[in-house]
Structure formats: C-alpha cells, structure tokens
Amino acid sequence: MTFLGLSQTMGWLLAAGTATAILVIFFLRIQHRRALVSSSILWERVLERKKRRSLIEWLRRLLSLLIALAIGLALALAFGEVELGRAGREPRDVRLVVDNRPTMAALMSDGRSRLDHAMDRAGELLAGGSSADRFTVYDAAGIVVAAATRDRDAVREVLAEMRPTARSLVLPLAEDGSETWLLTDGVGAAEVPADVRVVGLYEPVVNAGVTAFEIRPQPTDPYRYEAFLEVGNFSIDARAVTITLRDGAGVQFRRVVDLEPGGLYRNTFDLGPLDGGELRAEAAVEGDGYALDDRAHVWLPRTAPVRLAYVSVARGLESLLRSVPHLELSVIDPSEYASPAAEDPFDAYLFEGWAPPESPSRPVVLLGPPPVDWLPAHLGVAEAVGVFPFDTAAPLLRHVDLHDVAIARARVVDPLDAAILAGDADLPLILSGLRPTRWLVFNFAIADTDLAQSVGFPILVSNLVEWLRGDAPARSVNLGTVAIDLPGASVRDLSTGSAVDARTVGGRTVFRADAPALYLATDGTRRMHYAVRLDGSERSMVNASIFESPDAQLESPAAARSLWPLLLGVAAVLLLAEGLTYHRRITV
Amino acid sequence: MSLSLTHSWPLLLLPAVVLLWWARRTTLIEFHPRQIDLMVGARVVAFIAAVLAMTQPVLYRTGSWMAVAYVLDVSQSVDPRAIEDGIGWVEDAVAQGASQGGDEATHLLAFGGNTVAASEPDAFRTLRVADGVVAGAVDRSATDLASALDRAVAALPPHHVPRVVVLSDGRDNAGDLAAAVERLELDGVRVYARPASARREDGAWVDQVAVPDTVRAGAPFEFDVGVFSREAADATLRVTSGNLILLTEEVRLEAGSQEIRLLPIVDDAGVVDLQIELLVEGDPVVANNTGRATTVAQPKLRVLYVEGVPERSGYLLSALTEGGFEVEVAAPFNLPVSALGYERFDAVILSDVDARMIDQGAMISLESWVSLFGGGLVVVGGESVFGEDGYQDTAVERAMPVWFKAEREPKDLALVIALDKSYSMVGDKMAMAKEASKAAVELLEDEQQFGLLAFDYHFYWPVPIQLASRRERIVERIASIEASSPTNIYPALEDVYLSLQTTDAEVKHVILLSDGKTYEDDYETLVTQMREDEITVSAVAVGDKADRELLSAIAEWGGGRFYFIADPTRVPEIFVDETQMAQGITLEEGEPFVPQWVKPVEALAGIEPEDMPELSGYVRTLPKDNAEIVLDSGGDEPDPILARWQYGLGRSVFFASDAKNRWAAEWLEWDGFAKLWTQLIRETARTDDFREPEFTVRREDGLARVSLALLDDRGRFRNAERPAVTVDVGGEERELSLHQVAPGLYEASTPLAAEEEASVRWNGDDAPFERHLLPAPNAEDRYLPPDTARLRWLAEATGGIFDPSVERLLDPAGQTVVRPTRLWPLLAALALALYLVNMLLRRVRVIRTDS
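Protein chains in written order, with the numbering used here: chain A, 1 to 588; chain B, 589 to 1439.
One or more hints might be untrue.
[What the hints assert, rightly or not] Straight-line distance between alpha carbons at most 20 Å, and here's what the computed EDC-like set of lysine to aspartate or glutamate pairs gives: (1) B/1263 / B/910; (2) B/1212 / A/450; (3) B/1263 / B/1202; (4) B/1187 / A/383; (5) B/1187 / A/450; (6) B/1187 / A/401; (7) B/1187 / A/153.
[As the list claims (entries may be wrong)] Stretches of chain B that chain A covers, calculated by requiring three or more beta carbons in the stretch to come under 8 Å of a beta carbon on chain A: (8) 736–742; (9) 763–772; (10) 817–830; (11) 1298–1309; (12) 1313–1326; (13) 1414–1424.
[Said to hold, decoys possible] Some chain A residues flagged as far from chain B (calculated, every beta-carbon gap over 12 Å): (14) 7; (15) 145; (16) 149; (17) 294; (18) 334; (19) 347; (20) 391; (21) 494; (22) 499; (23) 514; (24) 583.
Since the hints were derived computationally from the structure, they do not count as laboratory data.
Treat the numbers as computed from the prediction; the structure is a model and nothing was measured.
All C-beta atoms in this analysis are idealised placements derived from N, C-alpha and C, irrespective of residue type, glycine included.
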C-alpha cells in the first residue's frame, strides 16, 4: 500500500490521527441532561444498563466503532490516494520508446499493425503504472513526443497520434532513476542496452516491395529518360510477385515473376515513348502485409513541346531557338503582342529588347528589356563590363562558361530580393524573381555582348528553354514530415488530388506524408514534384528482426490498483447506512 | 473556468440522501432537535461530498502559469566569461520569477554535444564537463542545440506556459535545429534567445577549405580558404601534402571573415590530401589553424609539341614543362594519321610548321580529333606558316579560327636575288636556282621591282633592278646565266646594297644563294648597314660545301631567314616563300608592334597589357565568323594575333606570331611568356571531365556513402553491374558491394565515425580511382562571434524574443494555458471533516434542552 497524494509518513499519520480522533470521540461519555425521576424508574434504568452491558450490547458498540473507524479511515486513505500492490515503492520515471519506423506498419496475424500492438502494450504499461508515475514518450528517432507527465490520458492521446515514419532507432540516454521500455519489432535493432526493457512485436509477414524506382535523363539525350526498377520478395518463402508500371495512360508494363525469399527483380525501362507525368511502380503479392513499400512514384518531365512566344524585333535568336528540341516557337513582333486572355496559348514568353507594360501570367525571360514597372527598378547604365561573377551551380548556367564574356553595355537595376545569377548586387547582370510571375532578366542585349560567340551560348539557350519549361523529375523525400525549400507553397497529393495541410516553418514548407505518394508543391509560379517514399535502406527489412520467435514477451511490472475510488464508495455507503442505523439506535 | 466529471454514475447515489432526512424525522435519538439537525446535516454533506468525490470532478482553470527551461551553452566555443554572465542572468531571472510569486516551474540544463540538468543556477558552475563523450559530463566538443531544445521541452511540465531560454553563441554544429524548431512551434514553445559571446582569446583560424573535387596535376588550381581573424594581422598560409610543401603565401588578414584564394600545384596524379596551415605570430591557439581537404589530381595535361624548327623548340618546351605539362616533341613528318593516334594527348601544338611537311592524312586526323574527340589544337605562326601555299584549304585551316589569307594590297617591294654562279653550282643547283628565280618573278606584282645579281669571283647584273612587269625579258636573262669561277660574295652583296639604295621601294629584300666558301671580309658591317637602311637579307646555303656559318650570320644580321638545303630541288620553294614573305601579303615582319588587347580573357589572367613586349612579325590571316579575337595587331586594319574558337567538341587557337627568338625575342625574356602559353594551352586542351567517372564519397549521418555512376563508351548508362569498392579505415580494408539505385547509378554505405579517416578505392575498367574522407574538423574551435541572425531566427520562428530582458521573459504576453485541478481530494477531505463533526455531535451535547 502506498500513498500517492501524500508522503508515506503523512499518509500513515493521517490514518492514525483519524483513527485516534474517532476512538477518542467514540469513547467520550455523553453528557445526559439532568431530570427529576422516581427511584423505581432509576432502578429500572440500572437494570437496563446492566442489560446493555450484555454481549449483544458490547457487539453493538463494537460494530459501531468499527463502522466509524471504517468510514474515517476510508475517507482519510482516499484523501491520501492510497494504492495497493506496490507497498513502499517510489513513483517511477518511465520512458516509453515507441518504435515508429516504417516496418512497424507491417500487419500481424490479427490484421492489426505492429504499431497498433505497440500501442496496446504501451496502454498496458500505462495502466500498470500508478498515477504517481511520470511517463515520457519518445519516438524511434529519440524525439520526445510526450513530455514527462503523470497524465496518462494525455500520454494515450499522444500515442494514438504516432505514425510509422521515423527513419532510425535512437534510444534516449540512460538516466538515473528512470526505466526505459522499448516497444519494437526488432528490425535493424542491433544492440539494446541491458537496462532497456524490450517489448517485442514481431511476426513474419508476407511482403514484396519496390526497393528502387528512379529515373535519370540519358546522358546522350537529356529529353529522354530511363527508369530503373527493383522489386524484391522479402517474405520468408518464395512468392509470385506481380510487377506493374503505369502512368496516366494506363499500364505500361506488367509481369509476374517468381521470386525466392530475398530475391530481386531488376529492370531498366526506356521512357522515351511516354508523354511524361506521374509514373508509378507497384509490387503486389498475395497476402502482402506491408503496404508502405508496395508502390513508388516518379515524375517524368513532360516531353510535350514548350509553346514559346518569342517577342522580338531583331529576331536574332530565332534560328537558334528553332534548333532547340521540344520547342514550339511562335515569333511575334512587339507591335502585335497583346496581353493574353484567360486561355493563354503559350506556355512561356521570351522578350528581346522589349517588355510589355504588364507581366504575362506565364514564365518569362527578358533579354535587354527597357525599364518597366513590374521589373527591378532601373538605376542607370554600365559600360564595358569585364569579368564578373556568376553562379555555376544555377541550372540556367549549367555547362555555360561566362568567364570570358564581355558586355559593352548593361542596365543597372536595383535587385531587391531577386536572385542574382550573374554579376553582383551592385551590377546584377542576370537575375530572376517570382513576382508577379516567374521571370528571368538579362540586363543587357545579346547584341551588346560577345555571348553569342561563346562556346556555351547554344547551351545557355537550351537551358533557358528548360528554365521556362520548369518541369523536372520529382525529388525523392522520405516518409514523415517533409520539409521543402519552397516557402509558402501549397501542396497537393496527386494520387488523391486533395490539398495537403502545409505550413511554412523556417523558410521551408512543411507537410506530413504518411504513405508513399506523389506531391505537387507550388507557390504560384514554381512547381516542384516530390515523391514520398521509404528510404531505400528501410524497404527490404520488414522481416529482418532480432527476434527469432514471434512470441515476444511483454515484460510488465506488477499492476497497481488505485484504492481511493473504492474507499470513497465504501465511505459513502457506510455514511448512509450508519446514518440510518444510528437514528434507529442500532448503532451508537 | 469549467468543470467536468470523470464519472457521472456515482450521482445516482445522491437520491439516497432522502433516507437520512427520513431517519431524522423518525429518529429515536434523544438530542435537541436542532443538534440532531446539525448532526444529520453534517452527515448529509459528508455523504454528498463522498459521492461527488467518486465522480472525480476536474476543474479547468485558465491562467498564465509559467514553466521556464534555461538552456545554457557551455561548449568550447563559448567564452567562459559569457557562461558566467549567463549563469548570473539565469540566477536573476529565477530569483525574479520567484519574487513575482508565480508558480514558475524552472528547469536548468547545460548543453554542448549532450545535455545535462542542473538543480539550481549555481550548480551550473560545478557541473562536470569534458571535451568528449563522458558519462555524466557535458560534452564540450560539439554544440547540439536541437537536442538540448528537445530535452528542455521534455522537462517542461504540462499545463504551463512553456518557455525555453537559450543562452548560446548560436553556432550549433550537430542535430537538426530546423526540425527541432518545427517541433517547438507545434508544441507552442517559445524560445527566448540570448547571445553568448565566443571565446576571445584566439587570434585567427582556418574556418573552411573549399577544394575542387578534381584538379590537374602540374597545373595551379584555385581553392579558397576561409580564414577568420580577430584583428588585422600579417600571416602565412602554407599548403602541404604529406611532407611536401606545395605553397607558402604571405597574406594580410583583415579583421573578420575572409576568403583567400590560393593557387598551389600538385605534381603527381592521384588522391591528394591537403593540409592548410595558418601561421600568425602571437596566435594563442594553434589547434584551429589547420584545415584539411582532399582532392583528386588528374594526370598532367599531355601536349604533343610539333616544332617546325626543332633547334628553336627549347623556349616553348621549357615554358610548357615548367607549366606542368607533360610534353612530347615530335617532328612534323611523323604525325599520326589517325584521330586515335592523338588520343593520348590533350593538346597539340603546331609551331612554325610548314604545312607541306605534314601529311594530308595527319591533318585530317588532327581536325577530326579536335572536332569529334574534343582535342585542343594550337597553331603558332612563324616563317613557315604563311601564304596561300601554307595551310590554306587544309583540314588544319578548317579547324582554325582564321583563314590563311589576307586581303591586303601588295607592298611596294624591291626584291633582289644574289645568285652564286661559281663552278660548284653547275648542274642541278644552277638549274634549280634559275627556276626558283623565275618563279619568284612570276609571284611579283607588275609594279613591284626585281633584280638579279649573279656572282662568282666577280659579279654582274643579268637582271638590273626593274619592274616585274617585264617578266618575259627577265626570265630570258635569268636563263642565260652560266656558272664559272670561284665564289666571292662580298663585292656582289655590296653592289646589291648600292643598287637598292637607289630605288624608292618601301620594302627592299635580298635573297642570297650560295653553295660554296667565299673570301673573308667585313660582312657584318655591310649587312648591318643594309639592315639599318631597311634592306633585309635572307640567305640560302645549298649543299654541304656552302659556308653555312657565314650565310647564317648574314641572314641574322640582315633580319632575314637562313635556309640550309642539301637538295637543290627545294630552292624554288624557298624562293617562292621568301618572295611571298617579302611581299608582306601574308606575313608582316620588320615593324615591331605591341599586340593590342581586344578582350580580357582567363587565358590572360595575371598579365597586364602594358607589360606585354613587342613582337616583330606575324602571319597575316582573316578571322572567321564567330572567332574570338583576343589580341590583334592594332592600327586601322588590325590583324588577328591571338584568335580562338570552339570547333566541334574541341577548341583551337591560332597565334599569328611565333614563340621563338625570331619574332618573339622580347617575349622570351618576359615574365608573362610562360604564363600566357601555359594558361592558353590549359584553356584549349581537352578537359577530361567526361572521362572521369562520377565516383564520390561523402559523410552523412555517421556513414561513408559511396556513389558511382557508370557509363559505357557511347555515353549510355551501364546497368545491372556489380561494382565493388575497397574501404580502408585505419589500415583495415573491407570490401563494399555497391547496389544499383538508378539507371547507371550505384551506391553503398558503411559506418564511419567522425574522427575516422577512410580511403575508398574503386578498380575502374582501365585504372583505379581513389577517394579519401578526412576526419571532420572540430567545429568548436572556430571561435566565431555569436550567430545572432540564427538566434534571432530561432526566437522569431517560435514566437519568442531575441535578447530579452528578464521582465519580458517572465511576461506571459497573453499566452494562457488551461490547467486541470482534481477536486475529489478536497471533497474527500471535506467528507472526512464533516464525518468527524458528525461523530462529535453524537457525543457532545452542543445544544441543551433547557437552553
């Protein structure tokens, strides 16, 4: 028995004091009122008193005393929040480490996931603890998801929110006086310290999964992509695995292969014939109990030609632009340019030596534009610009060497918050911005430079078109909390078409992705695709547990039972019952 | 404020309270009725309290109870005085919080690489610290602010307004702070950041080293060293590789951060581990003055140097060798006739090579090598590289940025041939000499002048100086020359000089041909005088018996060219070349000039235009469209001196002057000679990037990650391979198989501790490749000023305040929380108290009947 609301000493003192008080009160002699009576009556009373002192009367008084003690002690012990089962035990500092790595999503024989079972076991641990025990919940990555608290209901709520998205298993450092419980399927858990109590949650599961699905542009043709697909059977026995590759137009490839345990199917695909868009690889096996690796997504950049409006008087780039593959060029004289209506027939604009007073809604490149309101403010003109810095990492300048480019005349503008790709803040030569549309400005006319004679000029033009196209393969990110370098973006799950709750944190957009899917993030002018998937190293490990036997044992402390609700009930009932018996003079 | 009941079923017991009132009404107890009422009332309330306690009611109150966790950075980078100052600040804050009477829950944490709790502010002073991982001690060798924040959040009790106060220099180097901030934001924990200054005892240190992934052996490569200095100071930067000092450079450090660009040279190909040492006098801490980096040095650029005048190849050869090239000198007639024959070279230099000495097939191969294989071709001018019979209409010309022709008016020329007709010339020599003289006449324009003096012991003018338009007569006179008598050059040459003095031609040139010895005389005075009078003299020695020494000297004194030929059949060719050169259509010679800079390019980096010496001749050409003219001859009608362009996959350069002591004599003495040529050829040479595999090794999350991209000879992905690498960690080798993760891309990883060094080797198809991973530097010994921007971001991202006052820290600022209060213990206590009252009322007659 232990007191939770008071120290042990205070608890027992309270009980003793209550009992003493009751005893003292009980044995107080009642001061009867004085009255004149006849002697016969007096003797009758004496006889009656003798009768009272009979055995029954003694039992009656004893019962009354016991009831009084019971009521008093019940209330006193309830106040002290007494518990049974761990007499003398100090409140514990319990740290629950819930393995929420993706393999915990594997289903067990009852159709519930390992994580569900972990929640059950955690619930048992919580129930087994006392209300004085402090619980801290860590996820597999070692992050505190529930700060130390005695509020077990709050801990249960936190546990219910946990998802199998952690990437690694990191146990919190041991602390004196704390006990650590690890609830895990044992996958990839190498060494667990001896002082950590492990609750195993492993059962073999049937599983086939996509372990690799990536695309890369062919080195000899950047517009033609190749995909690599790897599918494995990670069940403990041989399985027939159905492998499917599909895009928006339907199934492009399907094959059923028999794979031994641990067997892999690898293939590469020439994606040249496909139009681009979402591409999904799937691995299916009968009875698959681990869905997180059953599919993987990529985004194949659109191969449809970019409809580019080249607005120029000089038309100096026309021949070069016509040689750029995957480009549908329309050459427009500035006098014929009209602000596009709602249905813009072009995907992008290239203005040379001219700029419209209002920005088009589509991405735009401007070569040597005159000052207009929607571009950085014009400050002046610089002559004879020699060697200048440039960002070799910028996709626009990839494989383009501007070291030896001489510029006879360049506009000086105020870059404000635009990104400077060439030049510096004092003389930004090439810069890009996002408002009011995605724009890229060369602050000099091509004719005022020898850029056209440089080796990289055709590449630069090709890069320009790619910049305008703005479509690139999806970036691979891991399941869980996804942070992307596109602040203020809205995010959509392309699999469901639904918007995803996303927030901006520290200059990055953050959203949660609990299952493999393809997401589109856009900030109004930029579009970026993100393929959420399992980390490669996590895909094939669902049955690689340290537990040889599925009969993992739950090590549990002796359950404690809170007595105080019962004591309160007892006290209430006795208060009522003894109140009745007292007035009927059954008890005293 | 609100109230909720955990269980409502006990309320069903409440109606039973009427039983007590019934018992009161029918009581047999003999107390005063009012005492009985009191007795029953106490019991009724006790019963109700007990029943209500069973419902476990919770009272929810809204308030601003604060819980503050103070997180103190005690890592190595933080100034101990700043730590002491921080402790004092925490003491004030804690005391003020206590004095305000709130129920602030205070938690104190000290952190570095790990986090340790302290019981009270003063305990910060006695916490165990260690410069590494030691149980129970704060690891000062790192700063993991993210983990400290997580730990602080874990320590904060629920139902409080959570505050975390970070006292740090903001220079965290472990953990993911952005992710931690995201969690803080989700949990509504505001972080108040107070900057702590860094240690001030250090003078300067190496902050970072950015070395290219690959460099070229033998060539200087640029890399930046980030250096921080507390104050302006003179320092020495030393770059070493093993025991070899690659570079020592004196620098002037400014106060603050700066990047210093270094240009060391690595001699040998292979993996190079660089150590950069910063030496500053009086620097109290030297442990942070070293930076390390690794790079891969590709083999030296291989240059095939073809020199038309082998005896003059030394100048350029020396410059190139010293410039870090691996140079192979070859004869013009021995060039490969297949493009593959040039594959082992990165650049080919044709210097003053007569086109007729190169096989046509070799030229075509050379052009193919440039355009298809990305080779670099440099053609340097000279006496042999001119004229329409030179490279015009050849494959080499196709690859060049210039046309080998010039649109110029012929010069006003007087050309005199002094022809030895001594006995020894009888036969083929005389015949060839006469034919050559005829050919020279044919080349001249009508308005140009021609004269031919024939000499043996005596001399005469078969063709006095006259207009070339009289070709038929001149040719007849040449044909009539007969050989006789021994040789005597001086009188003949003297008469030529006198005759030419009488002409008014702008350009006067003499071709002296002889096959024998002559009498001694003061040739030097005569020829030097001719040169001063702007008459140039070239000399042709035919056969072994010719006085080569004298004729060579005459050519040198006369500013002309010297030819020695064993075979008289070459005489016509020489006379034609000399005539063309004298005409000045494709060759400009004699007037020294300083090349003019048309545009500054990288190849001329470090060369000042005003330092460039004069050249005394060049080959005239016409630039092609899209050619990049770097230098020209200046004047109203400038000719290209240095032109280049991209040709297919390769690049080609034409330098119109020479690289020898004829036209570029002053350049040979010039400091910029070697620099210009090495930079120019380095920019022109084929880059090996596409031949270097994408083989990278990087550290990530305690792992060494190896990535390898494989392409076949045609640039296609190589799939379904099973590459493996050997990882050497501390002398212990282990094999690591790479698995395919994408088209042509293979990866693997292996654990690698931060302090470990690893060497990863891949035995490529043709050659092994190696990459190194060096131990991660100790980030804590870079004592940078506090990163206030980062701390400000940390505070603002979580809604906190940067550098707050204690008052603002303890101000809830409108933040409230709902705190639950369990009411049942109070109710239980009430029930107990009333029960005791009830018991007492049964024993003590409080109200007497007679009262």
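* Asked: Are all C-beta atoms of chain B more than 12 Å from that of residue 149 of chain A?
  -> Check fails; 5 Å does not lie beyond 12 Å.
* Minimum Cβ separation between residue 514 of chain A and chain B greater than 12 Å? -> holds (16 Å)
* Asked: Are all beta-carbon distances from residue 347 of chain A to chain B longer than 12 Å?
  -> holds (28 Å)
* Asked: Okay, the segment 1414–1424 of chain B and chain A, do three or more residues pass the C-beta test at under 8 Å?
  -> holds (count 6)
* Asked: Can we trust that residue 499 of chain A is non-interface, i.e. its beta-carbon lies farther than 12 Å from all of chain B?
  -> Non-interface label stands for residue 499 of chain A: nearest chain B Cβ at 20 Å, farther than 12 Å.
* Over 12 Å to the closest beta carbon of chain B is the bar; see if residue 7 of chain A clears it. => holds (14 Å)
* Say whether it holds or is violated: residue 334 of chain A keeps its Cβ farther than 12 Å from all Cβ of chain B. => Holds: least Cβ distance 28 Å, greater than 12 Å.
* Asked: Minimum Cβ separation between residue 294 of chain A and chain B greater than 12 Å?
  -> holds (19 Å)
* residue 391 of chain A remote from chain B - nearest C-beta pair above 12 Å -> holds (15 Å)
* Coverage criterion applied to the segment 1313–1326 of chain B (partner chain A; beta-carbon cut 8 Å; 3 residues) -> violated (count 0)
* To do: Between the segment 736–742 of chain B and chain A, see if three or more residues pass the 8 Å beta-carbon test, and mark the coverage as holds or violated.
  => holds (count 4)
* Asked: Is the hinted pair residue 1187 of chain B and residue 383 of chain A satisfied, with a Cα-Cα distance of at most 20 Å?
  -> The hint holds at about 14 Å.
The structure fails hints 7, 10, 12, 15, 16, 24 (numbered hints given earlier, in ascending order).
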